[in-house]
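Given chain A, work out where chain F should sit, using these hints.
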Amino acid sequence: MLILSRKTGESVIIDGRIVVKIIRTDGDTVRVGIEAPSSIPVHRQEVYEEIQRANREAATRAPHGQIPPLLGPQGKSLLASKPSLPSKPSDAILSAAPSDFSPAANQKHSRTV
Amino acid sequence: MSSVAEIDITKTLQVQVQLPLGLLGFERIKTYSLVTKPDQEPFLWLAVPEGEDLAFLMVPPNLMLPDYAPELSDEDADFLEIRNPNDALVLNIVTLKSDGSATVNLKGPVVINRHTMIGKQLVLSQQDCAIKHPIRTS
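So the sequence lines, in the order shown, correspond to chains A and F. Going by the working numbering, the residue at position 53 of the first sequence is 38; the numbering climbs one at a time, nothing skipped. Going by the working numbering, the residue at position 115 of the second sequence is 125; the numbering climbs one at a time, nothing skipped.
Hints are all accurate, no fakes.
To give an idea of the chain A side of the interface with chain F (calculated C-beta under 10 angstroms), a few residues:
{"no.": "1", "residue": "E34"}
{"no.": "2", "residue": "E35"}
{"no.": "3", "residue": "R38"}
{"no.": "4", "residue": "N40"}
{"no.": "5", "residue": "E42"}
Here are the computed distance ranges between Cβ atoms for each label pair:
{"no.": "6", "chain 1": "F", "residue 1": "I39", "chain 2": "A", "residue 2": "S(-4)", "range": "28 to 36 angstroms"}
{"no.": "7", "chain 1": "A", "residue 1": "E42", "chain 2": "F", "residue 2": "Q26", "range": "23 to 31 angstroms"}
{"no.": "8", "chain 1": "A", "residue 1": "T14", "chain 2": "F", "residue 2": "N96", "range": "36 to 44 angstroms"}
{"no.": "9", "chain 1": "F", "residue 1": "D77", "chain 2": "A", "residue 2": "T14", "range": "26 to 34 angstroms"}
{"no.": "10", "chain 1": "F", "residue 1": "R146", "chain 2": "A", "residue 2": "R9", "range": "38 to 46 angstroms"}
{"no.": "11", "chain 1": "F", "residue 1": "L75", "chain 2": "A", "residue 2": "I7", "range": "31 to 39 angstroms"}
{"no.": "12", "chain 1": "A", "residue 1": "G1", "chain 2": "F", "residue 2": "A140", "range": "37 to 45 angstroms"}
{"no.": "13", "chain 1": "A", "residue 1": "L(-11)", "chain 2": "F", "residue 2": "D49", "range": "53 to 61 angstroms"}
{"no.": "14", "chain 1": "F", "residue 1": "R146", "chain 2": "A", "residue 2": "E34", "range": "25 to 33 angstroms"}
{"no.": "15", "chain 1": "F", "residue 1": "M127", "chain 2": "A", "residue 2": "E31", "range": "28 to 36 angstroms"}
{"no.": "16", "chain 1": "F", "residue 1": "L23", "chain 2": "A", "residue 2": "L(-11)", "range": "51 to 59 angstroms"}
Simulated from the structure, these hints should not be mistaken for laboratory data. Glycine included, C-beta positions come from ideal geometry on N, C-alpha and C.
For reference, chain A alone in the conformation it holds in the complex:
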C-alpha cells in the first residue's frame, strides 16, 4: 500500500482523472472529497460490502434463462401479500413515474464521502 502524508486542502491524483482531496480533519474523522468520472463508482467500503452481500444473497438460480416460478412456500406467501397492491401493477411499472424522486443538491461531479 502506498502511504502519503497530506495537509488539509491538499490532494492526491490517481490515473490522471481521480482526485482525492483532504477537506478537513476532526479528531479521528477525516473528510475526503473525491472527483471521479461518473463511470467510476465510489462507495464507502462497508456499505459497498453490505450491498454486495445482499445482492449475492438475493441472487436466484435461473437455469437457461428460465424465470423461476414464484412458487414454493416463500413465493406463495409473497404473492399472497398482493391484495394490498394496485390491481394492475405492470401498468404502473411501465408507465407511472415515482412521484417523490428527488435529485440531491450535490455539487456536480464532486462527491464528499
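Just chain F now, kept in the frame of chain A:
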C-alpha cells in the same frame, strides 16, 4: 371460464436493460432482461439472458412504500441521463429466505432510464433506508 385458464404465460413481457457498472458484486454482468409475468405481479425478474444461471427478484417500491424517496445525485442523473423523475424506473431487489420471509433492499435501488433502458444500482446515503427491509407476507 376459470380464472386459471385466463393466465396466459405468452403475455410474459421482456425488456433488455443495460447496467454498464453491473450490480455490486456482479460487476462483470452488464446485460439483463427485465421480465414480468402476469401471475407474478407486482414482482418481476432482472435476469441474465444467457451464459449465467442468474436472476434477481425485483419489486417497484412505491407500491408497498409510498413514502420511499431515493435521492438521485447530479452525477448519477448525468450518468443515467435522467432529466426529470418521469424518466426513472425505480426497482428494488427482493431476497426470499428459506424460512418464508422476504426482505427488500431499500439502500441499493436499481434506477433505470425508461427511454434508454440504461440503469445503475445506487447506494443511497440516506440513513433511513434499510438493506433488509421486511416485506409483510401472510
